[in-house]
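*Asks:* Those protein sequences? They're chains A and B, same order as listed. Mapping to this note's numbering: the first sequence position 83 is 83, numbers consecutive. Mapping to this note's numbering: the second sequence position 112 is 112, numbers consecutive.
Among the clues, some could well be false.
What the hints assert, rightly or not - Below, in silico cross-link-like pairs of lysine-lysine (DSSO-like), each with a Cα-Cα straight-line distance of 27 angstroms or less:
1. A:K41 - B:K100
2. B:K100 - B:K57
3. A:K78 - A:K41
4. A:K54 - A:K44
5. A:K78 - B:K100
6. B:K70 - B:K57
7. A:K44 - B:K100
8. A:K78 - A:K51
9. A:K44 - B:K70
10. A:K44 - A:K15
11. A:K54 - A:K78
12. B:K100 - B:K70
13. B:K70 - A:K41
14. B:K70 - B:K59
15. A:K78 - A:K15
16. B:K100 - A:K51
17. A:K54 - A:K41
18. B:K56 - A:K44
19. B:K56 - B:K100
20. B:K70 - B:K56
21. A:K54 - B:K100
22. A:K78 - A:K44
FYI, nobody ran anything at the bench for these hints, they're computed from the structure.
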Amino acid sequence: EAGVTQFPSHSVIEKGQTVTLRCDPISGHDNLYWYRRVMGKEIKFLLHFVKESKQDESGMPNNRFLAERTGGTYSTLKVQPAELEDSGVYFCASSRLHYSGNTIYFGEGSWLTVV
Amino acid sequence: TQLLEQSPQFLSIQEGENLTVYCNSSSVFSSLQWYRQEPGEGPVLLVTVVTGGEVKKLKRLTFQFGDARKDSSLHITAAQPGDTGLYLCAGEGEIQGAQKLVFGQGTRLTINP
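Make the full structure from the sequences, and use the hints.
*Replies:* Here it is in structure tokens:
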């Protein structure tokens, strides 16, 4: 079974540019999450999809961030325009729909550097 | 806002020694998860504790959930170089199943041969 796949693994962009991160969850996982870790801080929740619906987007920092999950499969997280403070590692995670001790699987992360 | 204070942030000990990592909060969590993260990879779940006072063992690792479900500890016995890595605690909010995790800052553990 393939794990959670994220692309790109690394991205360096200039302030003001746009970046789109992609996440392919494990097949059959209806829950999809985005988290991020900025330098020196803890991993923080951004948002949660159940299938194609946004269940919780309380962690999205501002309206420069837009997440989509069309068709309930892969998800994209777009940052437009990027700011210096957006630099960090963006993790995607997925799990099965019904939580009964189901494991959350994390991807390897997308490292974003804004210069 | 729920916060998890994890300590110590860095720990370097000799092979064979014991160690304990702590996660503390003023908030109640429905579950507490411990992860290990290797360089270039995402966090990998080690264990989930759900019941107050629960103790789980994973070989030389012992995980405990506080009675009030506000704190947790990870104890490693006879540490080995292979235990080196970043250990993260993460609490799940009051509603189990929501899976919105609150992470501690992590403990970077180094076991010296």
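*Asks:* Hints first: check each against the structure and report whether it holds.
*Replies:* Now the hints, each set against the structure:
With a C-alpha separation of about 17 angstroms, the suggested pairing of K41 of chain A with K100 of chain B holds against the 27 angstroms cut-off. In summary, the hint linking K100 of chain B to K57 of chain B is supported, as the alpha carbons are separated by about 25 angstroms, within the 27 angstroms threshold. With a C-alpha separation of about 21 angstroms, the suggested pair K78 of chain A and K41 of chain A falls inside the 27 angstroms cut-off, and the hint holds. A threshold of 27 angstroms between alpha carbons decides the hint, and for K54 of chain A with K44 of chain A the separation of about 17 angstroms falls inside it, so the pair holds.
Proposed proximity of K78 of chain A and K100 of chain B is supported: the alpha carbons are some 21 angstroms apart, at most 27 angstroms. For a cut-off of 27 angstroms, the pair hint linking K70 of chain B to K57 of chain B stands: about 19 angstroms separates their Cα positions. Of the supplied pair hints, the one linking K44 of chain A and K100 of chain B holds, its CA atoms being roughly 9 angstroms apart against a limit of 27 angstroms. For the hint pairing K78 of chain A with K51 of chain A, the CA-to-CA distance comes to about 18 angstroms; that is within 27 angstroms, so the pair holds.
Between K44 of chain A and K70 of chain B the CA atoms are separated by roughly 19 angstroms; this keeps the pair inside 27 angstroms, and the hint holds. With a C-alpha separation of about 22 angstroms, the suggested pair K44 of chain A and K15 of chain A falls inside the 27 angstroms cut-off, and the hint holds. In summary, the hint linking K54 of chain A to K78 of chain A is supported, as the alpha carbons are separated by about 15 angstroms, within the 27 angstroms threshold. Pair hint K100 of chain B plus K70 of chain B holds up; C-alpha atoms about 16 angstroms apart against a cutoff of 27 angstroms.
For a cut-off of 27 angstroms, the pair hint linking K70 of chain B to K41 of chain A stands: about 21 angstroms separates their Cα positions. In summary, the hint linking K70 of chain B to K59 of chain B is supported, as the alpha carbons are separated by about 25 angstroms, within the 27 angstroms threshold. At roughly 14 angstroms between alpha-carbon atoms, K78 of chain A and K15 of chain A fall within 27 angstroms of each other, so this suggested pair holds. The suggested pairing of K100 of chain B with K51 of chain A holds, with an alpha-carbon distance near 16 angstroms, which does not exceed 27 angstroms.
Simply put, K54 of chain A and K41 of chain A have alpha-carbon atoms about 25 angstroms apart, close enough for the 27 angstroms limit, and the pair holds. Taken as a hint, the K56 of chain B and K44 of chain A pair is honoured in the structure, with Cα atoms around 26 angstroms apart against an allowance of 27 angstroms. Pair hint K56 of chain B plus K100 of chain B holds up; C-alpha atoms about 22 angstroms apart against a cutoff of 27 angstroms. For the hint linking K70 of chain B to K56 of chain B, the alpha-carbon distance of about 17 angstroms falls within 27 angstroms, and the restraint holds.
Taken as a hint, the K54 of chain A and K100 of chain B pair is honoured in the structure, with Cα atoms around 13 angstroms apart against an allowance of 27 angstroms. Restraint check for K78 of chain A and K44 of chain A: the C-alpha separation of about 17 angstroms stays at or below 27 angstroms, so the hint holds.
The structure agrees with every numbered hint stated previously.
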